[in-house]
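S.K.: Starting from the given sequences, assemble the full structure and let the hints guide the process.
Chains as they are written, first to last, in full-length UniProt numbering: chain E, 1 to 271; chain F, 1 to 323.
Calculated directly from the structure, the hints in this document are not laboratory data.
This structure is a prediction, so every number in the text was calculated from the model and none was measured.
For glycine and all other residues, C-beta sits at the position ideal for the given N, C-alpha and C.
Among the hints, erroneous ones may be present.
Capping the alpha-carbon separation at 25 Å, the derived lysine to aspartate or glutamate pairs in DMTMM-like fashion look like this [as the list claims (entries may be wrong)]: (1) E/175 with F/34; (2) E/175 with E/163; (3) F/281 with F/82; (4) F/281 with E/132; (5) F/281 with E/231; (6) F/281 with E/215.
On the chain F side, residues computed to face chain E include the following (Cβ under 10 Å) [as the list claims (entries may be wrong)]: (7) 31; (8) 35; (9) 67; (10) 113; (11) 143; (12) 193; (13) 242; (14) 253; (15) 288; (16) 292.
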Amino acid sequence: MSRRNAIGYLAAFAVVGMTVVPLLFVVLGGFRTTAQINSSPAGLPAPFVWDNYAEVAGSPVFWRLLGNSALIAVIATTLAVVLGSMAAFALSRYRFRGREGFYTLFTLGLLFPLGVATLPLYLWLRELNLLENPLGVAIPEAAFSLPVTIVILRPFMHAIPNELEDAALLDGAAKLGFFWRILLPLSRPALITVSVLAFVTSWNFYLLPLLVFNDSTNFTLPLGVAMFQSEHTQDTAKVLAFTALSMIPALTFFVLAERRMVGGLTGSVKG
Amino acid sequence: MSAAITTRPPTAPVPHAPAAGGTRRRSRTRTRLELALLLTPALVLFAGFVLIPIGVAAYYSLYSWNGFGPLSDFVGFQNYVDALSGEVFQGAIGHNLIIAVLSIVVQLPLSISLAMLLNRKIRGRTFLRMVVFAPYVLSEAVTAVIWLLMLQPGGFVDSILRGIGLGGLVQLWLADPSIVLYTLFLVITWKYIGFGVILLLAGLQGVPPELREAAALDGASAWQTTRHVVLPLLGPTIRIWVFLSVIGSLQLFDLVWIMTLGGPANASTTMATYLVDHGFKRYEFGFGSAVAVILFIICFLFALLYQRFALRRDTDGALTGVR
Chain E
1 MSRRNAIGYL AAFAVVGMTV VPLLFVVLGG FRTTAQINSS PAGLPAPFVW
51 DNYAEVAGSP VFWRLLGNSA LIAVIATTLA VVLGSMAAFA LSRYRFRGRE
101 GFYTLFTLGL LFPLGVATLP LYLWLRELNL LENPLGVAIP EAAFSLPVTI
151 VILRPFMHAI PNELEDAALL DGAAKLGFFW RILLPLSRPA LITVSVLAFV
201 TSWNFYLLPL LVFNDSTNFT LPLGVAMFQS EHTQDTAKVL AFTALSMIPA
251 LTFFVLAERR MVGGLTGSVK G
Chain F
1 MSAAITTRPP TAPVPHAPAA GGTRRRSRTR TRLELALLLT PALVLFAGFV
51 LIPIGVAAYY SLYSWNGFGP LSDFVGFQNY VDALSGEVFQ GAIGHNLIIA
101 VLSIVVQLPL SISLAMLLNR KIRGRTFLRM VVFAPYVLSE AVTAVIWLLM
151 LQPGGFVDSI LRGIGLGGLV QLWLADPSIV LYTLFLVITW KYIGFGVILL
201 LAGLQGVPPE LREAAALDGA SAWQTTRHVV LPLLGPTIRI WVFLSVIGSL
251 QLFDLVWIMT LGGPANASTT MATYLVDHGF KRYEFGFGSA VAVILFIICF
301 LFALLYQRFA LRRDTDGALT GVR
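M.R.: Following this line, the structure appears as structure tokens:
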């Protein structure tokens, strides 16, 4: 048993190394100068240099990218979760002809890659005058997130006991009142899960913003990182500082959301 | 309420409960209204920004069109013929397939073994899981920039390899047409391995320890237990992972676009980079739409066939568990 555990530790060590070393390369590289990096690519900061981080954090570019990304992700998440939970409620707590048909239509969205639709989507957004507009990215992203949202929420809402609904209706609540006052609060774990998924999807999306935005003041963080890299090819240290700072929101968000996510997923699997 | 009853056409058949017909009718209308209110916004959003664009692409794909002015130059299926007979696009399909196959052959066994090792009761397990998952949280754009910098000739990777005496392995990682696709595959593996591990770890939690114990009591070796008890029970998780992995491989874009733009000499072009390159950069919107439709059909056929033959029963539970 102890020999097997030793192998486990060894593997764990290797995995941590492979995962963490590139991240450390970025974070520590930000504390070096480009000259240091060029002369010894795998070295440690000696001496520590704060200039790169200070310059990136002090320039408006980084904060504007962050703001754009946040705005778009918030709109996309809100749209997907509000519309998705309404649809999931209809598809889980009502009986009507065509219900499974509607559900299948939404699940189809999971079965083929939505990234494929981006070129025609671009033409469509041009038609709607949504190019260079945050909504032109946020609205399609919300549409892309709907299938996952509904697929996770429906079983969760379905699993909430009918007795609760009967009791609410007997007490004179309307069905929509039951949705708003009882079902939604009870679905919180699943709602958190789908919100996190929609937010991260939007936050990391690259292709659609790439097509929709030409003006770099509208860029989101992924576009900005790629742009910054191609504009500062001679200044590796600064690119590393920029990249390191741009990783922080996603990683922080992940650390905060990780526990709650698992709860939401477990609920939906049981349902 | 009385109005509802009086306006009811007298001839309307009210089966079963004639006395309550009015209220039931009213509540049924009300239910319809509620359903419309709840479902319509999501349907409009989904149809308007997912379904319609795909339909529109199919229409554009029959024209030669630069994206401006009227659609007048009808060319039938010529765009499809041109795309499918072009060497670069054939190469792109091949690259997507290589990545898909490599993912299954390399990443799947790796994820399974890592998940099994990390499933042991070792200290710091929670921390390990978070670390393994971290690259998956980063965007492909950030991943691409990180590795672009690390893989510079004479850069971090090269100097590490030389440092540990493996200098012979040093390559022109992104500039050698015969290497570049495999380099990209390594980066993809770095980013996505954590997803597979987490997924399979969750699947392993679902394997009851009693089954392993029973197998051990019956004299099964550790390998036999793994092969005949654990792996079959991981089946649904593995199948869903394969599905997501293939679909992801088929639409690979961000990473390639930032790291190589499909180069050098189209050695790392994928269907999606080809699509953006032609449709968007060269304003061949009709042609690009045809490529989009081809990519769509390939993914859709795969999804349909896989669904039919591999997933069948386990879609419900597994799909919801995944995303």
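S.K.: All hints are to be evaluated individually against the structure, with a verdict given for each.
M.R.: Results of checking the hints against the structure:
no.: 1; hint: E/175 with F/34; in the structure: 9 Å, holds
no.: 2; hint: E/175 with E/163; in the structure: 13 Å, holds
no.: 3; hint: F/281 with F/82; in the structure: 18 Å, holds
no.: 4; hint: F/281 with E/132; in the structure: 17 Å, holds
no.: 5; hint: F/281 with E/231; in the structure: 19 Å, holds
no.: 6; hint: F/281 with E/215; in the structure: 16 Å, holds
no.: 7; hint: 31; in the structure: 7 Å, holds
no.: 8; hint: 35; in the structure: 5 Å, holds
no.: 9; hint: 67; in the structure: 7 Å, holds
no.: 10; hint: 113; in the structure: 8 Å, holds
no.: 11; hint: 143; in the structure: 9 Å, holds
no.: 12; hint: 193; in the structure: 8 Å, holds
no.: 13; hint: 242; in the structure: 14 Å, violated
no.: 14; hint: 253; in the structure: 6 Å, holds
no.: 15; hint: 288; in the structure: 5 Å, holds
no.: 16; hint: 292; in the structure: 5 Å, holds
This entry does not satisfy hint 13, going by the numbered hints stated previously; all others are met.
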